[in-house]
Each structure stands twice: as C-alpha cells, then as structure tokens.
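Residue numbers (the numbering used here), protein chains in the order written: chain B, 1 to 95; chain L, 1001 to 1495.
There's no promise every hint is true.
[Stated by the list, open to error] In silico DSSO-like pairs for lysine-lysine, Cα to Cα no more than 27 angstroms straight-line: (1) L:LYS1289 <-> L:LYS1264; (2) L:LYS1053 <-> B:LYS74; (3) L:LYS1289 <-> B:LYS13; (4) L:LYS1386 <-> B:LYS61; (5) B:LYS9 <-> L:LYS1429; (6) B:LYS9 <-> L:LYS1351; (7) L:LYS1351 <-> B:LYS92; (8) L:LYS1392 <-> B:LYS61; (9) L:LYS1310 <-> L:LYS1264; (10) L:LYS1386 <-> L:LYS1429.
Since the hints were made in silico from the structure, they are not lab data. Just so it is clear, the structure is predicted and the values come from calculations on it, not from any experiment.
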Amino acid sequence: MSVDIETVKRVAKLARIAVDDEEAGRMTGELNAILGFVEQLGEVDVTDVEPMTSVIPTAIKMRQDEVTDGSKAKDIVANAPAGDDNFFVVPKVVE
Amino acid sequence: MTDSSLTQLTIAQAREKLAARDISALELTESYLAAIEAANGALNAYVAVTPDKAREMAKASDARIAKGEAGALEGIPLGIKDLFATEGVHTQAASHILDHFEPRYESTVTANLWADGAVMLGKLNMDEFAMGSSNETSYYGPVVNPWRAEGDNKALVPGGSSGGSAAAVAAWLCAGATATDTGGSIRQPAAFTATVGIKPTYGRCSRWGIVAFASSLDQAGPIARDVRDAAILLKSMASVDPRDTTSVDRPVPDYEAAVGQSVKGLKIGIPKEYRIDGMPEEIEALWRKGIEWMRDAGAEIVDISLPHTKYALPAYYIVAPAEASSNLARYDGVRYGLRVPGSDVSDMYEKTRAAGFGREVKRRVMIGTYVLSAGYYDAYYLRAQKVRTLIKRDFEEAFAAGVEAILTPATPSAAFGIAEQDMDADPVKMYLNDIFTVTVNMAGLPGIAVPAGLDGKGLPLGLQLIGRPFDEETLFRTGYVLEQAAGKFAPKRWW
C-alpha cells in the first residue's frame, strides 16, 4: 500500500500537525519508503495467531478505591504556557 | 580541588575510595563538573548541567558517609537522560515542544537513585523523544562520539537514542548514566562507544515519570563503564512500583553477586538468522571470537533458529509509531511547553505541533496515525501484533530447549559519521541500525551490550547477550566473561 499527497494531508490533519505542500510532498516519499519496508509482514502466516497484548504475563493491579492524591492545582498548571488562577487558558472554543 | 584522575574511577572503585574516606563525594563531583565544563562544548553530551544541585547532593552524601549511613550509590555522580522527569530540572526529551518544562515530580527510577545516595550532574542529550539511532534528531543538536577513527578527525555519531548517556560515560563526564531502550536505544549507543548497556526485562524498571514513546516497548536501564558498574546501577534503578501497572511484582536481586560467577555448562544459543547479508566481515569475526570466549569459559554453544527475526524491525515500525502517535497527542500547547498562537484552538494545536516536533518525530506520528486510522488497523497494527507473538514464541522455544542466553552482534556496523548522506535521505537505512536489538524489545526480554573489540579503523564494536525474562543475572555473568576476555577500551582524548 502507498499513500498520495492528499492522504498525507488528511493524516496530518488527524495528527494535528500543520503541513505545507512542500512538506506534505516530502513526507509522501518518506512515508511510502516506510510503508514499503513494512510490506514484507504480508509474507508471514498469522492464521490462528493471537495478537500480542502484553509481553510479560501480568495481572492488572487492584487498589483501594480511595483518594490518595490531589489538591495540586498549582503544580498542575505550573508549566502551562498560558494560565489564569489555576486554570489553563486556550483560544476561544465556543462562539 | 579537582583531580581529573578521579573521573577515571569506575563506580565500584569510587565506592571503595569514598567508603575508606580516601576521597570525598564533593571532590569527586567537582572533578566531574570540571570535566563537563571542559568537554561539553566539543561533545554536546549534556543539555543541562546542574552544578549547584550536584554540590548540594555531594555534601549531603559526605555527611551521610561521616555518619555511617551511606547508601549503595552514595556520592556517585550520574548523568540522567533528558527523558526522565527530575523535579524542578530541565526535562524536555530533547524536544522543542517541551521548552522550559520543569516537572513538579521525580521519576521513580531517578528517585530510587537519589534514595541510594547518587548525585545528579545534569541532563543528557538524546534523540528527540528517543526517536533515532544517531542522536541527530535532538533539538539541541547532535552529540559527538568521543571515539574517532584512527588518523581521521571526522565527527562520528555516538548512536541513539541514548547518545548523550553513552558519550558522557565513555568520555568520563559521569560515572554512569540512566538511559532508555525502546528498540535498541541503550545497546546500540553502548556498542558505538565501548560502554556497557543493559535493557532489563520489560517491567523491571518503573516507567513512571519517564516521557513515554512506545509504552509496550520502553524500558529504562543503565549505561556504564563496565559490567560490574552496570549491575550496581541496575540494582538501584529497578524496583516494584504501584504507580506503573506494568511494573512487575518481584524482588530485585543483587545483580553484582552474579558478576564473576562461572558460566561452566551454561547453554548459549547462536541464532543463525543474525547472520545477515552485507554484514561486515569484522562483525562476523567478532561474533566468532565471542563464541570462542564463551566456549573457553566452559559454556556449551548450541546453534538455534529464531525464524521470525527479520520481521521484528518492520513490525516494530508499525507498533512503535502507533503507540507514539497516541502518547504524543498530549503535546497540544495547552498544559506545558511550547505554544504557537492560532486563529482558533485547532489552528493553535496544529501550529504548535508543526513548530514543536522535529522531522523524525513528525514522520513517526504520521505513520502511527495512518496505521491506526479507519480501515487500516487490521492490515497493519493487528498483523504486527500477531507477528510480535511469533517473535516471542521463537525465543520461548529456544529457552524451552534449555538455552539460557543468546549471543549475537550488537549492531550491524561501527559508529558512522554525523550527517551521513544516505542515512539522511532514507529513513529505513537509519532504522536498520536496530536490526539485532529490536527483537529483544518486541519480546520484552533483557539484553546487554558489551564492548568486544575494535574494527580496522579502531572503532569499538559490541556483542549482545539476550536472556530469559527476569534473568538479568545470567547476562551479567556472561557479559563479564566477554569483558574479561576482550579487555576494556577507551577513546583517545582529543576534546
């Protein structure tokens, strides 16, 4: 399978990365090189093979349903590029 | 009061001198700070140096030593890969998008090291978000390998993604370093710099507080001057952590005790699939030498087959980008790091990510987004995860047949030049660096790279040993045998 420039632009949109035409063009070639490389997986017979879900058999850890942490609003917003009174500030979303 | 000979000490040697009060932790730290000051301009191994913190920690170590309360790593100066969250200190995964990020918390691995008395010298350069095999994708520019080919001044890469860690250890800019390995990012740079690097079993070190790349593959481990130092460091880094659900609930053994133990009668597998086309004869020869060394030490050598080896790399380049595209969705210009203003919130996201991510990171996020997008999931991701099951099964069958460790080359070549044209033009060429290491991540196994010799140009080459799950001890045992036979290698100082 290979991708064209329109697909690359659509994927960039999904990935929320702005690309111009020149970049999309370059990425098309790069992505096709990678997709061409992974194509060989098609040779492998995977009939009745379970997909890997965990490399090491582990049981999901259970814990008490109780509050163990919190009241860290200042820490949480400390690194925000824009904030106001323990809130994150973003461009207007709702008109 | 600095003495450059102090930086030549291994961790085990420094530990002895500190305990005997021959040297102080502060003296040792000052020696490293002076070495960094003198070398970092040429090598670019550190992206942030923390001299005040280092001195403060070293003084606290000296106080604990005086009181007889020394920890296992008391006063040992370490470098920390920029991927580990360190409270109040530069943690940017060598990416532009995490500009000025200083976490309010400490990763479990680094917290374990500080609890044992280690001293932090600073944060080490790396490929951006650990995506790369040459340390050239860093926003902070490439790290320069302290090794050069004989009679040649050309700058070589230290490997990646833990290139800063490997270069700093090789150039005596820290006594040991933390690193991480998703497809070979500890073992490949270790091989390129004649250092020892071990990626432990998945789940052995907590991933809490390590910037996530591909969560089902990422593991932390040390890069050190020798096998014993790697064992000492891993003992402190590893733990059982309730904050990482994949951290495995089993006690951490005393790895150092395994160093020097006999390998008599140990069954070592030699996988025929690791003999690949175009592999330099020097690497073949080194591998044969490694086999001889193991045999001389009394190990039993058996030929084995791991038939799905060649599919590990292509499967990795679906699984890892898919997980990365999801993990990196959090960099949106809202909660931390860079923000580029936009006309609305979507435009802000898109512009921020376009400016904040480098080329390789964008490429992988794009591949990951594509293979997970509607209509392609089964053909790519699901198939790759099935192939992964087969890769793991190959190893399980070898271990079930009695093999206790597997010996392979660590990399298909020695260190290459910075900005080498063919690597730059074709991303897949760069990916092939991980051909011998990536299988180990896909199967969650432990793997160690040990320096084993120099090529015709005088550049280091490494061998890899792969172990059974949670059997790092056998890797330290066998790795030490290789080290004893091969000797140690150090770069000629030019910086």
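Status of each hint after checking the structure:
1. As the CA atoms of LYS1289 (chain L) and LYS1264 (chain L) are separated by approximately 18 angstroms, the hinted pair is consistent with the 27 angstroms bound.
2. Pair hint LYS1053 (chain L) plus LYS74 (chain B) holds up; C-alpha atoms about 24 angstroms apart against a cutoff of 27 angstroms.
3. For a cut-off of 27 angstroms, the pair hint linking LYS1289 (chain L) to LYS13 (chain B) is broken: about 52 angstroms separates their Cα positions.
4. The straight-line distance between the Cα atoms of LYS1386 (chain L) and LYS61 (chain B) is roughly 25 angstroms, inside the 27 angstroms bound, and the hint therefore holds.
5. Note on LYS9 (chain B) and LYS1429 (chain L): the hinted pairing holds, with a Cα-Cα distance of about 25 angstroms set against a maximum of 27 angstroms.
6. For the given pair, LYS9 (chain B) sits about 14 angstroms from LYS1351 (chain L) by alpha-carbon distance, which is consistent with the 27 angstroms threshold.
7. Our distance criterion of 27 angstroms between C-alpha atoms is met by LYS1351 (chain L) and LYS92 (chain B), whose separation comes to about 16 angstroms.
8. With a C-alpha separation of about 24 angstroms, the suggested pair LYS1392 (chain L) and LYS61 (chain B) falls inside the 27 angstroms cut-off, and the hint holds.
9. For the given pair, LYS1310 (chain L) sits about 31 angstroms from LYS1264 (chain L) by alpha-carbon distance, which is inconsistent with the 27 angstroms threshold.
10. Between LYS1386 (chain L) and LYS1429 (chain L) the CA atoms are separated by roughly 25 angstroms; this keeps the pair inside 27 angstroms, and the hint holds.
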